[in-house]
Amino acid sequence: MNPIEIGRLMRASATGFVVGCRLSQLDTPSLGALVRVPLEPDYQIYGIITDIRVEDDGLVRQLVTSSDLSPEVIADNRINRNMPVEISVLAVGYDRAGKVFHLLPPRPALSLDSIYLCSPEEFIRFTGENRFGYFRHILHAQDIAISEVLAAHLQQGTSFHNVSGENTWLESAARELITLLRDDYPTLMMVMSALADLEMVPSGRSA
Amino acid sequence: MTDQVPSETIGYVVGGELKSSLYARLTVPSQEVQEGAFVVMENRDWVYYGLVTNLALGSTNPRFADEQSEQRYPEYLAKQLYGLTLFTNIEILPTLMMDRGPDLEDPAYPEWLESHPPGSVNPIPVKTIPPHHTWVRMANAGDIAEIFGSEDSPGFYRVGYTREQGLPVCINLDKFVQRSSGIFGSTGTGKSFLTRIILAGLMKYDHASVLVFDMHNEYGVDDIASDTHQRVPGLRSKFPVKVRLVGLGARTDIRGQTPDFSLEIDEKDIKPEDIELLTRELNLKETTPTTLEALQQSFGIDWFNEFKKMENGKTEEDENGKKIPSPDSTEGWALKNGVNVAATAGLRAKMQRVFNLPYIVPNPAQNGLNQIIQALEAGQHVVLSFGEYERDLDYLLVTNLITRKIRERWAETTNKYRGHGEKEPRPLVVVVEEAHKLLNREMANQTSFSTIAREMRKYYVTLLIVDQRPSQIYDEVMSQLGTRISGKLEDDADLSAVLAGVAGKDTLRGMLAHLQPKEEVLLLGWGVPMPIPIRSRRYDDSFWQELLGKKDGKAKSMDELTRSIGL
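Protein chains in written order, with the numbering used here: chain P, 1 to 207; chain D, 1 to 567.
Possibly wrong hints are sitting among the right ones.
From the structure, some residues in chain P lie toward chain D, with a derived Cβ separation under 8 Å [what the hints assert, rightly or not]:
hint, residue
1, Ser164
2, Gly165
3, Glu166
4, Glu171
5, Ala174
6, Arg175
7, Ile178
8, Arg182
9, Tyr185
10, Met192
11, Leu195
What follows is a list of derived Cβ distance ranges for each label pair [stated by the list, open to error]:
hint, chain 1, residue 1, chain 2, residue 2, range
12, D, Arg44, P, Ala97, 30 to 40 Å
13, D, Pro125, P, Glu129, 40 to 50 Å
14, P, Asn130, D, Ala493, 50 to 60 Å
15, D, Arg44, P, Tyr43, 36 to 46 Å
16, D, Glu114, P, Asp184, 53 to 63 Å
17, P, Tyr185, D, Thr9, 54 to 64 Å
18, P, Asp56, D, Gln71, 36 to 46 Å
19, P, Glu121, D, Gly83, 26 to 36 Å
20, P, Glu129, D, Glu17, 31 to 41 Å
21, P, Gly133, D, Gly83, 33 to 43 Å
Derived from the structure by calculation, the hints contain no laboratory data.
Since the model is a prediction, treat every value here as computed from it, not as a measurement.
Glycine residues also receive a C-beta, built at the ideal position from the N, C-alpha and C atoms.
Between the sequences and the hints, there should be enough to build the whole structure, so can you do that?
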């Protein structure tokens, strides 16, 4: 399966980066999704989408006040608009020489590097074997909806892991979150509440 | 913490100190562990033994405990939340530790084995504590046998079972008879049954002779249990050759059975101190010792008989027709010997209760006292039933008198053994019920019992005290008790008395108070390696079957028993 490119890097720091993409590309990336930025043949950075922002521009401001917008105008604005959709990605690890690390990448990606959505296999490789070290980057991140990002990420991850036969991944992830957050009651309750709203539960259990 | 969690693990050490308790986090549901559980902590070369003394519910944040997560979250989440934020900590009283050396495969093992030959490694009192995250597990049969001994070893006698796993717990009878012991418990907690079990063990294994002062006639002959109304075999029924049943007074009948012989006390055997001991019972005055001393000075060993013959207020007329006390009157004797007349007359009146005792006679047909001592020296056991004489007066007078004689006799034979190499005295255990009547603070120094408790260990005589009010027993006597076996106690003072001088008494206190009202006892003291609550053996037919090795539960034949005592 060909890798799915979701955009190119606009700006980056040690802890994350912002990807720009066309509005027409936005049907693929979603909140909580795991993405990767291949930098060298044996080095790539992983991140989790924590925000997707559609900024306005002068034309949009004018158009939204118009009384009658035709479908063609809306489509034209979305396809040909100059302002990119901004996807905020939190760096959660990297892969070097075939080994996955849940540490911040040693150096950030560069402008216009391509960002790809992780395939289920890549997702499982990064999140498998009961390794949840990357959770700490999410829990320590500022200005993100931690509980919602986590819930979205776990929902996606559960579907991938269930297909692979690893039916206890969600339970393990929940255990790790409770362990990490048991001294932070308000945050844990927010996360638990979000997890309770997930559509799926571990196989063999009922909500 | 090691990577591999051992099976049977119930938790891991999270804190604590040597002086008080260790704390461990439970990894199993709290209901699987009870107060008093015998637990083992193993860390590398050392194994530690301890008792669970408390369980406490905890939470990483009080709000986790306040809110019922089961109702808010899916089951899988609620269960995780419950397990990770709510927990149970146990408090462990560390008692013993043992060097078990490196693993067999460890290169250091041969060197360790050389410096620790088999048999040289024994549990010792704790001197250090296991580190954090040492795994804690319930003791298994091997651990129990390591600490309390195995029934297969000579001298070890099963008295009960651990409460959780039902593993057999033994006491070392040799050690048990080396120092005085006590069996305590509120009324109805099974003291008498437990005493029977211990006595049966002593009699079966012949580690010592036993003299039982059976105030309520319940040990010698068969009885009916007050609660279950079942037949309770007496010790004489089960050991007809080893046990001599003695009745107090002539023609005494013990629950329809004739005793082996009767005990009548010679008046000459009664000494002034025997009467002084009855000060409270007879309401004697402070002048009593002086008067008794004068009586003994005046009449020697016949003082009791002579005093008995005196009459209060008997007068005669002198040559002038004036009434004066006659020479055979109390007053006449007192005037003649310069003793206070009123005090003597008062003492005479108060002693009338003693003079009326039918088992105190001038010249008894047989010397029951000597027969008791001879039987005990010959390796038999004596149950002295008080028959109808169940008053405190009888009990105090007779027990003290016999014990005094025994003390004198055993001290004499011990000195002959030590000085002249004669036969070693046979250890003797004197069983005293209602011990607080004889060993309370006021009387302890006057009776022979306190001397036995304090000093007679070296003369081969020890006490087995059976009582429901240990707080009433003199502290100095309590402190001498080697083995203490206690059922449930409720009074604070009694709890303190039983635990006096025991390490970790504050933590054991709750355990003692929380024992089941029946069949649960706490073993503690010098005679047991470490305190442990147990479910005591049941005194029933199966007990006797196990002890005597006979399926029908009946006593051995006379021939078998005769052979068993070496006759």
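**Message:** Just to be sure I understand the hint, the distance between the Cβ atoms of arginine 44 of chain D and tyrosine 43 of chain P should be within 36 to 46 Å; is that true here?
**Reply:** Since the Cβ atoms of arginine 44 of chain D and tyrosine 43 of chain P sit about 43 Å apart, the hinted range of 36 to 46 Å holds.
**Message:** Given a hint of 26 to 36 Å, does the C-beta separation of glutamate 121 of chain P and glycine 83 of chain D actually sit inside it?
**Reply:** 32 Å, holds
**Supplied distance hint 50 to 60 Å, evaluated on CB atoms of asparagine 130 of chain P and alanine 493 of chain D** = 57 Å, holds
**Request:** Indicate whether the distance between the beta carbons of tyrosine 185 of chain P and threonine 9 of chain D respects the range 54 to 64 Å.
**Result:** 29 Å, violated
**Per-residue hint verdict: alanine 174 of chain P, partner chain D, C-beta under 8 Å** = 5 Å, holds
**Message:** leucine 195 of chain P was flagged as interface toward chain D. Is the shortest Cβ-Cβ separation under 8 Å?
**Reply:** 6 Å, holds
**Request:** Identify whether the interface hint at arginine 175 of chain P stands, where standing means a beta carbon of chain D within less than 8 Å of its own.
**Result:** 5 Å, holds
**Message:** Given a cut of 8 Å on the nearest C-beta pair, is the interface hint for serine 164 of chain P held or broken against chain D?
**Reply:** 19 Å, violated
**Item:** Distance restraint evaluation - arginine 44 of chain D, alanine 97 of chain P, Cβ atoms, bounds 30 to 40 Å
**Value:** 38 Å, holds
**Request:** Have a go at the glutamate 166 of chain P hint: is there a Cβ in chain D nearer than 8 Å to its own Cβ?
**Result:** With a closest approach of 15 Å, the glutamate 166 of chain P hint is violated.
**Hint check, tyrosine 185 of chain P versus chain D [nearest Cβ-Cβ separation less than 8 Å]** = 5 Å, holds
**Asked** Range hint 31 to 41 Å: satisfied by the CB atoms of glutamate 129 of chain P and glutamate 17 of chain D?
**Response** Holds: the Cβ-Cβ distance is about 39 Å, inside 31 to 41 Å.
Consistency with the previously given hints fails for numbers 1, 2, 3, 17, 21, ordered from lowest to highest.
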